[in-house]
Amino acid sequence: MKKKEKKSLNGVPVTLDFKSNEDFRRERPSVDRDKCIKCGVCYLYCPDSAIRSVDEGYFEADLELCKGCSLCKKQCVTGCISMLPETLPLRHPLF
Amino acid sequence: MEKYSVYVPKLLPKQENFIVGRRSCRGCGKALAIRFASKAMAECGALIKTDNKPQATGYAWDDMEFPSLVGSVVRSVRKSVSGSSYKKPTIAIDMKAFDGSLVALQSMLEKTEDILVILYDNEKYMDTLIMESKPLPFGIEYHHHAPGAKEVRFALESRNLFNFAEKLSLSYAASSSIAYPFDLVDKVKRGLKIKGTAVVHVNSPCPTGWMFAPADTVKLGALAVESGFNPVWEYKDGKFSLNMAARKPESVKEYVRAQKRYRYMSDAFIETLNEAVRIEFEKLQKICGK
Chain A
1 MKKKEKKSLN GVPVTLDFKS NEDFRRERPS VDRDKCIKCG VCYLYCPDSA
51 IRSVDEGYFE ADLELCKGCS LCKKQCVTGC ISMLPETLPL RHPLF
Chain B
1 MEKYSVYVPK LLPKQENFIV GRRSCRGCGK ALAIRFASKA MAECGALIKT
51 DNKPQATGYA WDDMEFPSLV GSVVRSVRKS VSGSSYKKPT IAIDMKAFDG
101 SLVALQSMLE KTEDILVILY DNEKYMDTLI MESKPLPFGI EYHHHAPGAK
151 EVRFALESRN LFNFAEKLSL SYAASSSIAY PFDLVDKVKR GLKIKGTAVV
201 HVNSPCPTGW MFAPADTVKL GALAVESGFN PVWEYKDGKF SLNMAARKPE
251 SVKEYVRAQK RYRYMSDAFI ETLNEAVRIE FEKLQKICGK
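Line order of the protein sequences matches chains A and B. So the first sequence is numbered by the working numbering: it starts at 1 and just counts up by one. So the second sequence is numbered by the working numbering: it starts at 1 and just counts up by one.
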């Protein structure tokens, strides 16, 4: 969890209650950079806007936002995205 | 390969006006629809979302009931936001607007405000625990009898906006899907430019409510368009135009079988549904003059 931020977007002051989405995720996308053609289809269809362009024009998921829905894997043109299993973070037994 | 590295997704604005870190479900179609709309608006619109839950948009927003929103909020938003550049107030709402035989929508349209309404249609009320919404989805279970061909056709008729787009005083109306994002972006941009009331209907599948794997959101949106279940059309300057043909009219069965909420449907019922979809699509083709 990050601290509360105060920002202004389009001149309208808003508070961003930033929460991490890690507890949703059971799989994590990983990109095979040899196959990737940098088309940006995964960036287009990500419902959580987690995928962003990183160095050299490649696209990678921000793991704080990614929920692991594997929509990017389904839409990928070349099939360069694969989902890796991930263990859930430990929780208190009551919750 | 480097020579041809201009891909269309890169042409969209990179600024995220729909704030990241939201708590929507995995593979949410509604979030996708709002994200594309906010990308289309960039900085020429002000979005208001009407739900009971706190929202995450970079625009000015307020929680209000739909009818009361028209009188007060739209004008105040226009006063507060308008500067040198003109901005059009935009409301994103689910099919709540269709409730009570279109009373809410009609009362708004009578005033002929200069706004854009985005209807994201996932056939559910999201603020009251995924309850079935009006217009009735065709698969509803009647208490006394199984729905026949007549009821299915009535449910589809009340669901399609093109049946009454002409009666409402709209300057622009369109139907779109999240499976074709650039079509949606174009339509939202066109709705913002035209003066008067504009309505854009967006079909957005809901993995939790419709019961399918979250990865299939875009696939189901595309299936709905290809089967003719959710036709993509446009109403502009008093004329209808069909944007996409139904390439696979038999794939209604595939569309229904992909969703677990329709698991009780028999093959015979799907055939009557297919027939009803075909009749509705032919009606639209006739209106469009094709």
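Just so you know, the hints here were simulated from the structure itself, not pulled from any lab data. Cβ coordinates follow ideal geometry from the N, Cα and C atoms, glycine included. Careful, some of the hints might be misleading.
Now the in silico label distances, taken between C-beta atoms and shown as ranges [as the list claims (entries may be wrong)]:
hint	chain 1	residue 1	chain 2	residue 2	range
1	A	Gly79	B	Lys10	16 to 22 Å
2	A	Asp23	B	Asp267	25 to 31 Å
3	A	Arg33	B	Lys260	44 to 50 Å
4	B	Lys150	A	Gly57	37 to 43 Å
Some chain A residues flagged as far from chain B (calculated, every beta-carbon gap over 10 Å) [as the list claims (entries may be wrong)]:
hint	residue
5	Val31
6	Asp34
7	Tyr43
8	Pro47
9	Asp48
10	Asp55
11	Glu60
12	Gly68
13	Lys73
14	Leu84
We went through each hint and held it up to the structure:
Separated by about 20 Å at the C-beta atoms, A:Gly79 and B:Lys10 satisfy the suggested range of 16 to 22 Å. Remark: the range hint 25 to 31 Å for A:Asp23 to B:Asp267 is contradicted by a beta-carbon distance near 41 Å. Separation of A:Arg33 from B:Lys260 is about 37 Å and departs from the stated range, judged on CB atoms against 44 to 50 Å. For the hinted restraint 37 to 43 Å between B:Lys150 and A:Gly57, the CB-CB distance of approximately 56 Å leaves it violated.
Here A:Val31 stays apart from chain B, with its beta-carbon at least about 15 Å from theirs, past the 10 Å limit. Separation of A:Asp34 from chain B is adequate, the least Cβ-Cβ distance of about 13 Å exceeding the 10 Å criterion. At the 10 Å boundary, the C-beta of A:Tyr43 falls inside the reach of chain B, the nearest C-beta of that chain being 6 Å off. For A:Pro47, the non-interface assignment is contradicted: its Cβ lies about 5 Å from the closest Cβ of chain B, within the 10 Å cut-off.
Not every beta carbon of chain B lies more than 10 Å from that of A:Asp48, the smallest distance being close to 7 Å; the non-interface claim is violated. Chain B leaves A:Asp55 outside its interface by the beta-carbon criterion, the shortest separation being 15 Å against a cut-off of 10 Å. The claim that A:Glu60 lies off the interface holds: its Cβ sits roughly 15 Å from the closest Cβ of chain B, which is beyond the 10 Å cut-off. The Cβ of A:Gly68 does not lie farther than 10 Å from every Cβ of chain B; its closest approach is about 7 Å, which violates its non-interface assignment.
The beta carbon of A:Lys73 is not kept farther than 10 Å from every beta carbon of chain B, the shortest such distance being approximately 7 Å. For A:Leu84, the shortest C-beta to C-beta distance to chain B comes to about 15 Å, beyond the 10 Å cut-off, and the non-interface label holds.
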